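K.L.:
Each chain is listed here by its residues.
There are 2 protein chains.
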Amino acid sequence: MIDFPYLSSIVQKTPSRILMLVVDGLGGIPHPETGKSELETAHLPNLDKLAQHSAAGLVTPVVPGVAPGSGPGHLALFGYDPIKYYIGRGVLEALGSGIALHQGDVAARGNFCTVSADGVLVDRRAGRVASEVSAKLCERLNTIRVEGVRIEAHPGKEHRFALVLRGDGLSEDVSDTDPNRQDVPALKAKALKSKAERTATAINTFVGQARELLRDQEQANFVTLRGLSKVPTLPQMGAAYALQPAAIAAYPMYRGLASVLGMRVIPTGATFTDEVASLRTHFKEHDFFYLHYKPADAAGEDGNFDAKVRALEELDRFIPSLLNLAPDVLVVTGDHATPAVMAAHSWHPVPLIIHSSATRGDSVPRFTERACAGGSLGRLPSVNTMLLALAHAGKLVKFGP
Amino acid sequence: MIDFPYLSSIVQKTPSRILMLVVDGLGGIPHPETGKSELETAHLPNLDKLAQHSAAGLVTPVVPGVAPGSGPGHLALFGYDPIKYYIGRGVLEALGSGIALHQGDVAARGNFCTVSADGVLVDRRAGRVASEVSAKLCERLNTIRVEGVRIEAHPGKEHRFALVLRGDGLSEDVSDTDPNRQDVPALKAKALKSKAERTATAINTFVGQARELLRDQEQANFVTLRGLSKVPTLPQMGAAYALQPAAIAAYPMYRGLASVLGMRVIPTGATFTDEVASLRTHFKEHDFFYLHYKPADAAGEDGNFDAKVRALEELDRFIPSLLNLAPDVLVVTGDHATPAVMAAHSWHPVPLIIHSSATRGDSVPRFTERACAGGSLGRLPSVNTMLLALAHAGKLVKFGP
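Protein chains in written order, with the numbering used here: chain H, 44 to 444; chain D, 44 to 444.
Hints are supplied without guarantee of correctness; some may be wrong.
All copies of an identical chain are treated as equivalent in the list; a pair is satisfied when it fits inside any one copy or across any two copies.
DSBU-like mimics (lysine-lysine), calculated; alpha carbons at most 35 angstroms apart, straight line [what the hints assert, rightly or not]:
1. K231 / K441
2. K179 / K92
3. K200 / K238
4. K200 / K56
5. K56 / K127
6. K200 / K233
7. K327 / K92
8. K127 / K441
9. K200 / K127
Keep in mind the hints are simulated off the structure, nothing from the lab.
Note that this is a predicted model, so its numbers are computed, not measured.
With the sequences and hints as input, model every part of the structure.
P.N.:
Laid out in structure tokens, this is it:
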């Protein structure tokens with residue numbers, strides 16, 4: 044939670060509603076041929092108009108220069124210091140597979156891989172084995188029994204799976220078995236702290252049995268594990284902010300992340316149209332909504348500049364229907380930049396606009412990186428977004444006499 | 044004090060003088076009809092000209108989104124982290140009544156109130172009883188004797204009074220007796236930590252005796268207490284900055300705050316004209332002056348946009364006489380924003396200008412929120428203001444070899 048020890052003494056419950064639209068991978072950088080970013084290239088009449096009447100700024104998800112994953116990028120927007128509250132790769136992978144994790148559970152990201160007869164890794168991704176094949180192989184893995192620990196392998200896309208360990212006294216302080224390169228053997232899991240011995244032994248027992256169960260496979264004849272991590276104990280948004288928060292996201296990982304923070308996850312369909320319909324249905328039930336828009340990031344990751352422009356233009360068409368719901372505060376921002384030119388998450392600051400009856404506009408003409416840089420919010424760490432949203436909703440009283 | 048552990052090794056005594064003009068509630072937001080803030084509406088030829096030749100920026104008192112009280116707002120400007128150094132309501136109320144508080148003293152804010160025969164609160168403000176009446180009733184309260192503790196009730200405005208407890212081993216960790224709503228009985232004071240038992244008992248004894256002494260009153264027949272707090276141990280400005288700091292403020296609370304920080308409080312009259320006359324008289328005696336201007340905040344709190352504009356215009360007329368004193372550094376800023384549109388303190392960043400022979404101007408045309416956003420100081424936490432003032436006065440040597 045944001046490092047402000049008096050938070051509980053300044054939050055107050057009000058009927059006002061906050062809608063936070065998180066455009067995944069929102070920010071970009073200019074295309075070398077046009078000198079214009081994705082936002083500058085896109086035709087965004089509704090977002091531009093909204094920006095003109097909002098408080099605008101640029102947010103930095105973690106620290107300048109650091110490109111965040113979706114985990115830290117989102118945590119920051121909800122007011123959680125992403126350095127203090129780290130969610131490990133294994134947990135995020137499991138959440139992304141729609142697996143419900145509980146306090147104490149340990150999760151790892153698994154890969155099916157190919158090893159030679161003498162155990163040397165020859166393909167870390169088992170030739171990107173088909174998802175159906177790896178689903179079947181997960182069924183085999185789920186026959187493995189290790190004393191005192193319940194182990195579940197949940198299939199993911201292609202060679203990927205999520206491994207979940209449930210039981211008492213498990214530890215996340217265990218090293219990866221994935222050596223992160225080929226032509227070497229996979230590693231033994233090692234306890235990084237003494238209390239992790241039992242967990243490391245359980246992992247090694249599981250891996251040994253997996254080797255036997257997969258021996259008949261040509262490609263996916265072994266597994267590697269990495270990012271062993273535990274669901275962190277996180278302050279819950281509802282209690283921390285005196286809110287009844289809800290999340291609407293088509294992708295499981297974002298739903299999982301929201302549930303870990305204590306948001307109610309509202310069931311929805313696979314498209315943003317579905318998400319907006321769900322929002323409309325449940326709009327009277329909550330005072331804070333996190334609404335996730337994925338396509339901008341997907342296009343950016345693919346390095347497809349035009350597709351990202353189109354994804355932003357598609358989003359723009361939904362803005363009037365969001366405004367029609369009359370949220371008291373509408374926040375539009377992103378969890379990080381995903382410049383199509385880089386085909387990856389980046390460290391660039393991300394546009395932020397906050398629209399409410401307390402904002403009259405900052406003379407920012409457009410919803411772009413360059414225009415928002417001139418707004419009244421200035422440059423902020425993303426972790427400040429949540430308190431600003433609450434302030435604009437009248438949900439914070441004065442601090443100190 | 045600002046979190047820079049080498050401060051004592053870089054401060055140096057010089058003959059240069061800093062004048063810090065704190066315009067209470069300086070910042071604002073645009074009027075919905077004109078789209079212009081109070082500063083943008085006001086005719087401020089002298090402040091605008093000063094801004095043109097100053098380093099300009101916007102400061103955030105505590106953290107973005109948090110509206111501060113006068114206490115944290117001022118502490119930050121003097122370089123004290125307002126989260127680390129909290130001054131409680133009782134202490135601030137007592138300081139505001141002009142009561143000298145010493146280390147170990149505990150103060151609370153008191154209200155005269157009306158209770159029914161069975162002890163239920165029917166009016167938390169005793170019908171805003173006349174100040175003369177409550178002054179007389181404070182005399183009665185001052186006859187109360189509690190063993191081992193000296194208790195003083197100092198009358199405030201209308202139903203308000205400040206209660207001061209003096210003695211050894213007193214604690215501030217005692218709950219309010221004010222339930223903060225009506226139609227319920229007042230609460231017993233409770234020790235929030237075991238070492239606070241004696242203080243809680245003293246409070247309850249005082250309250251019990253007060254009930255008897257006020258029983259003949261129709262309106263002010265009881266008291267409630269809240270915000271029990273101790274004078275915090277604060278680094279003293281003089282020692283920390285190698286300064287001889289002085290404060291000139293018409294309102295007692297700001298004088299009290301300054302005295303707690305170790306400033307010499309220069310006696311002055313009730314108006315800003317008086318304050319400037321006092322400044323002129325004593326200008327050779329100190330190397331740092333805190334000069335407080337209250338009317339902008341008062342008008343903002345009243346929700347009176349035009350009055351706030353006039354208050355700013357009145358201030359503007361004093362700028363030439365301040366410059367005539369030839370301070371080496373003139374800082375003009377505010378402790379927080381008080382937008383008239385909101386009729387309350389707000390979280391919005393506040394303009395800051397620093398004028399000295401080391402500043403040549405930032406091409407900032409006016410002393411407004413939007414113009415100062417474009418200045419060379421950028422967006423800063425208010426807690427950085429003090430070191431910048433010292434630097435511009437040549438009072439800081441190089442840090443590190």
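K.L.:
Have a look at K179 and K92 and pick one of within, between, both or neither, based on CA distance no larger than 35 angstroms.
P.N.:
So K179 and K92 fail the 35 angstroms test inside a copy (51 angstroms) and across (60 angstroms) alike.
K.L.:
Is it within a copy, between copies, both, or neither that the alpha carbon of K127 lies no farther than 35 angstroms from that of K441?
P.N.:
both (26 angstroms within a copy, 17 angstroms between copies)
K.L.:
Could you figure out if K200 and K233 sit no more than 35 angstroms apart (CA to CA) within one copy, between two copies, both or neither?
P.N.:
Result: close within a single copy only, 27 angstroms intra versus 59 angstroms inter.
K.L.:
My question is about K200 and K127: at a cut-off of 35 angstroms on alpha-carbon distance, are they close within one copy, between copies, both, or neither?
P.N.:
Within one copy only: 30 angstroms inside, 46 angstroms across.
K.L.:
Could you place K56 and K127 in one of the four classes (within, between, both, neither) given a Cα distance threshold of 35 angstroms?
P.N.:
both (27 angstroms within a copy, 26 angstroms between copies)
K.L.:
My question is about K200 and K56: at a cut-off of 35 angstroms on alpha-carbon distance, are they close within one copy, between copies, both, or neither?
P.N.:
between (42 angstroms within a copy, 31 angstroms between copies)
K.L.:
My question is about K200 and K238: at a cut-off of 35 angstroms on alpha-carbon distance, are they close within one copy, between copies, both, or neither?
P.N.:
Answer is within: at 33 angstroms inside a copy they meet the 35 angstroms cutoff, but 60 angstroms across does not.
K.L.:
Taking 35 angstroms as the upper bound on the Cα-Cα distance, should K231 and K441 be classified as within, between, both, or neither?
P.N.:
The answer is between: 26 angstroms across copies meets 35 angstroms, while 55 angstroms in one copy does not.
K.L.:
Are the CA atoms of K327 and K92 at most 35 angstroms apart within a copy, between copies, both, or neither?
P.N.:
Within. Shortest intra-copy distance 26 angstroms satisfies the 35 angstroms Cα cut-off; inter-copy 51 angstroms does not.
Consistency note: the structure conflicts with earlier hint 2 alone.
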